[in-house]
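J.: My request is simple: use the sequences and hints to build the entire structure.
If you read the sequences in order, they're chains F and H. Okay, so the first sequence: first residue is 932 according to the numbering used here, each after it adds one. Okay, so the second sequence: first residue is 2 according to the numbering used here, each after it adds one.
No lab work stands behind these hints, which were simulated from the structure alone. Honestly, I wouldn't trust all of these hints.
Simulated restraints, written as ranges between beta carbons of each label pair [stated by the list, open to error]:
| # | chain 1 | residue 1 | chain 2 | residue 2 | range |
| --- | --- | --- | --- | --- | --- |
| 1 | F | S1211 | H | A41 | 43 to 53 Å |
| 2 | H | G38 | F | T1077 | 23 to 33 Å |
| 3 | H | D49 | F | A981 | 19 to 29 Å |
| 4 | F | Q1103 | H | G38 | 32 to 42 Å |
| 5 | H | G50 | F | E1233 | 33 to 43 Å |
| 6 | F | G942 | H | D49 | 30 to 40 Å |
| 7 | F | L1099 | H | G38 | 27 to 37 Å |
| 8 | F | I1105 | H | A41 | 33 to 43 Å |
Derived list of chain F stretches under chain H, where covered just means 3 residues or more per stretch with a C-beta under 8 Å from a C-beta of chain H [to be verified]:
| # | region |
| --- | --- |
| 9 | 987 to 997 |
| 10 | 1028 to 1041 |
| 11 | 1044 to 1050 |
| 12 | 1178 to 1192 |
Among chain H residues calculated to face chain F with C-beta under 10 Å, some are [stated by the list, open to error]:
| # | residue |
| --- | --- |
| 13 | K47 |
| 14 | L55 |
| 15 | Y56 |
| 16 | D59 |
| 17 | E60 |
Predicted model only: the values in this text are computed from it and were never measured. The beta carbon of each residue, even a glycine, is placed where N, CA and C say it ideally should be.
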Amino acid sequence: MSELRFNELRGEQVVYAIDRQDRTFLPAREHCPLDPTRLGEPPTEIPFAAFQIAVFDNRFPAFQAPGGAAEVVVYTDRHDGSFATLSPQRAQALMWVWRHRYQELGARPDVEYVMIFENRGVEVGVTLHHPHGQIYGYPFVPPVATLELAADERVGGCAPCALLARELGDAQRILIERDGVVAYVPHAARWAYEAHVVMREHRASLLDCEPDELRELSQVLQALVRGYDELFERPFPYVMVVHQASTCEPADSPARRGHVHVEFYPPLRTAEKLKFLAGSEQGAGTFISDTLPEESAVALREAIARAA
Amino acid sequence: MARKHPVPPAPGAAESRRDGGGPEQRGRQGETGERFGPVAVARLRKDDGRALILYSHDEDAGDATDRPPATGGEQA
Ligand SMILES: [Zn+2]
Ligand SMILES: [Zn+2]
Ligand SMILES: [Zn+2]
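T.: Next up, the structure:
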C-alpha cells in the first residue's frame, strides 16, 4: 500500500510505493510476465495461450483502490516489436481500450485523473521490454494537469486549441497533418525531439472523440514513433503521455475541461547522448536545450517520410 | 458544481482493498458479450484477485503480419 505525503515547498504530492522495490526487473526473455502462458509452464500475468490486448491491475501498484488505480496495458501477445510495429487494426483497437479505461477508471470515486502512458526504453527506466503501456488513476489532480488548466486561464480559452492554431499558422514545426489530428514539435519544446499529437477539434476526453478521429489518432501516433525509430536508426526511447480532462466531475459535465493530446518526451539529444535533468531543470524548473524545435522538426519530418 | 463524490480521499488514508463498491465488482469469471465500440470486452479475475480484462477486435488478413520489429529479434 502506498502512502501520499504533501511536499509543501513544491506544493505537490509525493507517492511512496515501497513495495515496488521488489518488482520484476528486466527478466530473461523466457520469463517475460507479459507473454501468453505456454502449455505446461507456470502462468504469466495472462493465463491464456493467446490474446490481443490485455489490461490488468499492476502487481506492484503506485496506487490501488480505494486510493486510485494502477493498470498495465499489454498491446500484443508477441514479445518482440513495439507500439510502432503493431498492425493498424491493433493500434486502432488500443485507442478504444484507452477510451474504455478512461471511462471506467474515471467513474470511480477514488480516481480524479486518469493518465495513460508508455515508458519506452531502458533510458526511461523500463523494466520489461514486452510492448506495453500503463495507466494511473490518481486520487488527486496532478500538477501538470493543473498547469495546463492554468494555461487556459492565461490564454483566455482552451490552450491546446490556441497553440494548435499558432502551430498551424507558423507551419515550421508541423510534423503530420490529418483531417482530425495534427502532430508538431511545440514552439517551446523542453526536449530536443519532443512532439505533441493533438486533436484538431476541441475534445475534452477520448470519450468525446469520433471513431474516425480515434483511427486517425492511432495512425498519427504510429507514424510518429516509426519516424522516431528511423531518426537515429535505433529504437528510440520516449515517455508518451495522454493528456485529457480530469475526472473530478461526472462524465457528462461541461466542467470536465481538457483537450485530448498526446505528449512525447524523448530523452535523446543525439543518437548516443541523453538529456539529463540537472541543476537548472531540477533546481530552477528551467529547461536548457541545445536544439532548436524548428531544426528538430525538419529532421523528424524527414525521418517520418523515410519510415512511411 | 456537482462533484462526482463529496469527499476526496485523504492522503495516506487508504486501507485494505477489495472492499467492494467499484465498477470492478461487476465482472465475473469469463463473462461474455460485452462490447465497447469495435472491441469485445471479457472480464476475468486472476487467482490473486486482481482484475484482468481481455480486449479483442476483428482481425483482417493484414493483422496477422505485424511490421517487423525495429529491434530485430525472434518472430512468432
Ligand atoms: Zn514478453
Ligand atoms: Zn481545445
Ligand atoms: Zn499536455
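J.: Each of the hints needs a verdict: does it hold here or not?
T.: Going down the list of hints, with the structure as the test:
1. About 50 Å separates the C-beta atoms of S1211 of chain F and A41 of chain H, a value consistent with the hinted range of 43 to 53 Å.
2. Here the CB-CB span from G38 of chain H to T1077 of chain F is close to 30 Å, well matched to the stated 23 to 33 Å.
3. Range check, D49 of chain H to A981 of chain F: about 22 Å between beta-carbon atoms, so the 19 to 29 Å window is met.
4. At about 36 Å, the CB distance of Q1103 of chain F to G38 of chain H agrees with the hint of 32 to 42 Å.
5. Checked against the hint of 33 to 43 Å, the C-beta distance between G50 of chain H and E1233 of chain F comes to roughly 50 Å, which is inconsistent with it.
6. Evaluation of the 30 to 40 Å hint for G942 of chain F and D49 of chain H yields a pass: the beta carbon distance comes to about 37 Å.
7. Hint check: L1099 of chain F to G38 of chain H, Cβ distance near 29 Å, so the stated range 27 to 37 Å holds.
8. Taking the beta carbon of each, I1105 of chain F and A41 of chain H are about 37 Å apart, inside 33 to 43 Å as hinted.
9. Chain H is given as covering the region 987 to 997 of chain F, and this holds because 6 residues of the stretch bring a CB closer than 8 Å to a CB of that chain, at least three being needed.
10. Three residues within the 8 Å Cβ limit are the bar, and the region 1028 to 1041 of chain F against chain H gives 8, so the coverage statement holds.
11. With a cut-off of 8 Å between beta carbons, the region 1044 to 1050 of chain F has 0 residues touching chain H; three or more are needed, and the interface restraint is violated.
12. With a threshold of 8 Å between beta carbons, the proposed coverage of the region 1178 to 1192 of chain F by chain H holds, since 6 of its residues qualify and at least three are required.
13. Because the closest C-beta pair between K47 of chain H and chain F is about 7 Å apart, less than 10 Å, the hint holds.
14. Satisfaction of the interface hint for L55 of chain H is found here, the shortest Cβ-Cβ separation to chain F being roughly 5 Å, below the 10 Å cut-off.
15. With a least beta-carbon distance of about 4 Å to chain F, the hint placing Y56 of chain H at the interface is held under the 10 Å criterion.
16. With its C-beta approaching chain F no nearer than about 7 Å, D59 of chain H sits inside the 10 Å limit, and its interface hint holds.
17. Residue-level restraint check for E60 of chain H holds (minimum Cβ-Cβ distance to chain F is 6 Å; threshold 10 Å).
In this structure, the hints that do not hold are numbers 5 and 11, in rising order.
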